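Since chain A is already given, all that's left is putting chain B on it; use the hints.
Note that the protein sequences, when read in sequence, are chains A and B. Start counting the first sequence at 22; every next residue gets the next number (this note's numbering). Start counting the second sequence at 22; every next residue gets the next number (this note's numbering).
Check before you lean on any hint, since a few could be wrong.
[To be verified] Quick list of simulated restraints, FRET-style, between CB atoms:
| id | chain 1 | residue 1 | chain 2 | residue 2 | range |
| --- | --- | --- | --- | --- | --- |
| 1 | A | Thr-209 | B | Pro-377 | 48 to 54 angstroms |
| 2 | B | Lys-281 | A | Gln-181 | 52 to 58 angstroms |
| 3 | B | Thr-67 | A | Thr-209 | 50 to 56 angstroms |
Hints were generated in silico from the structure; no laboratory data involved. Since this is a predicted model, take the numbers as computed values, not measurements. All C-beta atoms, glycine included, are put in the ideal place defined by N, C-alpha and C.
There are 2 protein chains.
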Amino acid sequence: MFLSAGKSSLRAQLRTPYSPISRMLTSHAVIFSSHGEPKDVLKTHTYEIDETKLGANEIVLKTLGAPINPSDINQVQGVYPSQPEKTTALGTSEPSAVGGNEGLFEITHVGSGVKEFQVGDWAIPTSVNFGTWRSYALCDAEKMMKVPNPDQSKAEGKKQGLSINQGATLSVNPLTAYLMLTHYVKLTPGKDWFIQNGGNSAVGKFASQIAKLLGFNSLSVVRDRSEIEDLKKDLKEVCGATQVITEEQNNSKEFGPQVKQWLKESGGEIKLALNCVGGKSSAGVARKLAPNGLMLTYGGMSFQPVTLPTSLHIFKNITSAGFWVTELLKSDPNLKRETVDRIVDWYTNGELLDAPSHENVWGNEDLAKVVISGVENSKSGKQLVKF
Amino acid sequence: MFLSAGKSSLRAQLRTPYSPISRMLTSHAVIFSSHGEPKDVLKTHTYEIDETKLGANEIVLKTLGAPINPSDINQVQGVYPSQPEKTTALGTSEPSAVGGNEGLFEITHVGSGVKEFQVGDWAIPTSVNFGTWRSYALCDAEKMMKVPNPDQSKAEGKKQGLSINQGATLSVNPLTAYLMLTHYVKLTPGKDWFIQNGGNSAVGKFASQIAKLLGFNSLSVVRDRSEIEDLKKDLKEVCGATQVITEEQNNSKEFGPQVKQWLKESGGEIKLALNCVGGKSSAGVARKLAPNGLMLTYGGMSFQPVTLPTSLHIFKNITSAGFWVTELLKSDPNLKRETVDRIVDWYTNGELLDAPSHENVWGNEDLAKVVISGVENSKSGKQLVKF
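Only chain A is shown next, with the shape it has when bound in the complex (with noise of 0.2 angstroms):
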């Protein structure tokens, strides 16, 4: 029943931690003490949270949606830099760690001390490595960050309430996209443009939003294909994108002009450039740049290296950087809460579109089951895990 709730139903169910009558909860965490495949390595560990006995600054969290992100698996492989430190303070035989990194929560519970959070708030973490696939958690306040639940969104007059998969996914993707824009390079609006590859992944369709939101002119490359003019359509008409081309086209002399006559009539340049692809890609799309422009690498789907000429470096002193949103914000938490509200503003007014996620529903069933199966589709499009 669960399976097919509608929205009614699951608010209810959502609620249940409410009631006075229950003071122990059940968290269902999936863990992993080594590393290796996640079908191989992931557990579901249960353990116990007394409500009752908070510390004064302390939280209970129930779990509202999480994703699969390939990072999280490469965590879980062990074959990501950043890793959660493995611990057996939830009562595990050896240390283990809880995967996910990215989580929607609502607050059930508060400690005496906790001024930030009322119980009914929403929130997502506020670092990585917190462990997101569980049912619930219990933690310290500021390991939390609030967001407005529908009702808050609601009461501020905004058009919409934040999804569970948009609150869910609010920390990597939209959060890059933003900060790559705005971060690095001053791009003048309604002159000024970026260049993107990948312009049909989860990022360069923020990306293509975000710019249009700002009032930058987007180029986005995409690989060729047999339903390329539907796609060009779609990326301008949905995601707003200013042009798309293809990686031929990009890559194309006589293809040139054509992009500096709409550089013409903007009146601006290519001051950025976008790269989650490497190889022959990041040339094609550096060489695009104007002079003292910077590329920032954010991704390598060819799992070829940044490839750069020579000339450009010299003598267009073009620069190329990389960009790890989990690095930039554990260095300026401000920066997170800002750049959070900002795109909870777009959320809610109805402004932005999410990525939509394929929904991994948990009902009774073993959970790591759960989260396995989604790693296994996370191939055919993006996972949540919805509770």
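What follows is chain B alone, placed relative to chain A:
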């Protein structure tokens, strides 16, 4: 006789223009009016300079020496992005430019309003595209920057005067090495390191020497060769390189711990990489950088693009940028003055060795032929035209 002239007769020759009898000077200039191979497009143009008709801010220069740099050749070929303006100002039938960018000059006459120069002073061009392949030149005083002549260095108590080779090759290689080491990343003397490929190149040797003078550690990567141990010894003993390794060692996992041991002993990190090779070698030096390190590319001897593993950008926050001394100093003339003074100090204190050049001494033959012969020999080593 001039070809084998000793130091004193050479100085006498240089002082000829001081003679009060001669007021008209004939300058021999190597010009090009179109681009192509130097042997096809370089010609000698002679023109007269009337010393009695100097503008108030003008000076007359006698050229002492001018090198033939690879970039000078590329400029003649038309494949270099910085180009001198072609004009008919020197009385040529077609708009033409004088070749050569570096050179050392002696002031032979000064206009009535010139304060910064006296007859007998030595000078180098303030900027590029002056056209240094000519025996005499007339220009505004601001086009030249004073450097001490040997008498002035002696009077200042310096160990030695600048040699003509040192003065004529001051603006590119030593400035490139010094500015790359000091202008971007703060290396802590006595601790921190830079790594460079092309450790045996002209700039590479300057970088090792200057790093030693500044107290920085250097790790020079060179190509393997039969006399590799002699080369390592030379680079350490003569140029002051801290450590010298081969490309194979730099890319070897087995050799990695040795580098880590050197770093541990120094208490420092590799914060800067200098790349003049590109391709696999650029990835190799970038991999040795500490997190947040910078790679500066100033050449591409392998003709391969700069290559950087994506993970270095994203997870180690390595930045890859270009270095072009021409562009940097164009925007900051004071920096050129300071840097030139620093290099001249080291030269005249006997603390810095210049890269020896093969001297092409001009007697009375066609000057273009001397330059063309230098161009043809430039693959076997640096060439200087001595006047």
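For each hint, the structure was consulted:
no.	hint	in the structure
1	A:Thr-209 with B:Pro-377: 48 to 54 angstroms	51 angstroms, holds
2	B:Lys-281 with A:Gln-181: 52 to 58 angstroms	54 angstroms, holds
3	B:Thr-67 with A:Thr-209: 50 to 56 angstroms	52 angstroms, holds
Consistency note: the structure conflicts with none of the earlier hints.
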